[in-house]
Amino acid sequence: MPRDILKVKNLNVTLDGEEIIKDLSFKVKEGEILIILGPNGAGKTTLLRTLLGLLPYKGEIHWATRNVSYLPPQELFQRKFLPPLSIEEFFKFKRVSSAQILKILDSVGLDSAVLKKRFGTLSTGQFQRMIIAWALVGEPSVLLFDEPTAGIDIGGQETIYSLLHKFWSKGKLTILLVTHDLNIVWEHANNVLCLNKKRLCYGKPREILTPESLEELYGMEIKFYEHKHK
Amino acid sequence: MQLILALIIGAFIGGAAGYLGTLMLSQRMALVAGPLGHLTLPGVALALIFGFDVSLGAFPFVILGIVLIWLFEIRTGLPMEALTAIVFASGVAITFLFLPEEETVPALIGDVSQISLSVTITTLILSIIIIFATKRIYSKMALASISEDLAKAEGIDLKKYNLVYLVCIALMVALGVRIVGSLMTAALVAIPACTSRNLSKNLVQYSYGGMISGSLACSLGILGSNFIEIPVGPLIIITNALFFSISLIFKR
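Note that the protein sequences, when read in sequence, are chains A and B. In short: position in the first sequence from 1, add 69, done, that's the numbering used here. In short: position in the second sequence from 1, add 47, done, that's the numbering used here.
Since the hints were derived computationally from the structure, they do not count as laboratory data. In this text, a Cβ means the ideal position worked out from N, Cα and C, and glycines have one as well. Careful, some of the hints might be misleading.
Below, a list of computed lysine to any residue pairs in the SDA-like style, where the Cα atoms sit at most 20 Å apart [unchecked claim]:
#1 K187/B <-> G207/A
#2 K273/A <-> D250/A
#3 K248/B <-> L151/A
Derived contacts from chain A toward chain B, CB cut-off under 7 Å, selection only [claimed, not checked]:
#4 L154
#5 E158
#6 L232
From just these sequences and the hints, can you work out the full model?
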């Protein structure tokens, strides 16, 4: 029986007088893929940031590990007007060996030439692969990913998710993922947390994701919801 | 002898300012040194009137200014830049109530004609402290300029680093007013950073490029001022601006 790597109990987050997360409780087991679903403004990014200790909160958050890697949503990355930071220098923040860097770049499909490029000059697809490699290097126990495929074409999205799946299937990696892509939920999630300020549904996708629960979550009918072949 | 001492402090102040400036530019704070420089004016004026060291006079006023801006921000919630404008303009205005006319020019544009050995040594030590403190916080602050969340998630205590950063800026401004006056301190940190930005391919080249270009511009400015009848402060800035223009040709 895998251990609980994260326990959240009665979590409340209030920012500037506005209640963003209300009385939220859930657990994540080691090796689990938990997908957090919810409409815009539901508190998904706030939840991940709170779990990382970046925001004040009330309630309990217990991590069984400190080796947590975070990938913020693209819009929280400053890519313009930056100092001329090379990708090689960006990887130096992680304090890992060159061999590890080259290996991880290779596994996300980037060659070593990218190391000499500047942070701001990568294309969106290259940038996203690079940043995923950055999050994965040093073998974290837990990944917190906030919409890792926003702004990437369908082919690129497939690649990124199969990449994540590859890393996940190799070991005990636990993944908490925010996404709007219901396909990903059906294909990869062990558990789903539907969030709209409070917990609306929580459990295995096949058990809890019904047209009704999705309608309650998004406030409208969701036409496409289940994969035929499953 | 005076020239040698002036050259030494110029090279060190310019180098430290250029290096710190590259970090300030990546934080989009390059212009902050401007209002902070103006804020030193009452302190510089007092120093000139009572005959103590200008940097010594300037430093408490930078700190006072930062604290005032910070307090007003908490009290009013007004944007920082507006509060900075209130504080620095008031500082300049108050200075002219008591600054004698003959002291106006050195207070505004700097003066290195009377540098003592003790001032040189103090400046040298403080510049080295600024360079080393900046070096320590540099990579962490650079990561934070990409994404604060990412830096915090990596366990970087940004509050601590921000404090070190602010103290470095305050010290730098206090040192800078001696050579370029309270009017042009922004240029001392901003121009070498921009020059280096144009020429560098990575962070290492960029940060040290700023240091070299700042140091060289100050030294040449001081040297030049010895031969032609232009005050040292403006000549340093003009040299910096010249370096920047040349960097435009070779921009990567």
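Does the nearest C-beta of chain B fall within a distance shorter than 7 Å of the C-beta of E158/A? This interface hint holds because 5 Å falls under the 7 Å limit.
Interface hint for L232/A, Cβ within 7 Å of any Cβ on chain B: 20 Å, violated
Agreement of K248/B and L151/A with the hint, judged by alpha carbon distance not exceeding 20 Å: 12 Å, holds
20 Å Cα cutoff - pair K187/B, G207/A: Holds: K187/B and G207/A sit about 18 Å apart, inside 20 Å.
Checking one constraint from the list: CA of K273/A to CA of D250/A, max 20 Å. Satisfied? 16 Å, holds
At a threshold of 7 Å, is the proposed contact between L154/A and chain B supported by beta-carbon distances? 5 Å, holds
This entry does not satisfy hint 6, going by the numbered hints stated previously; all others are met.
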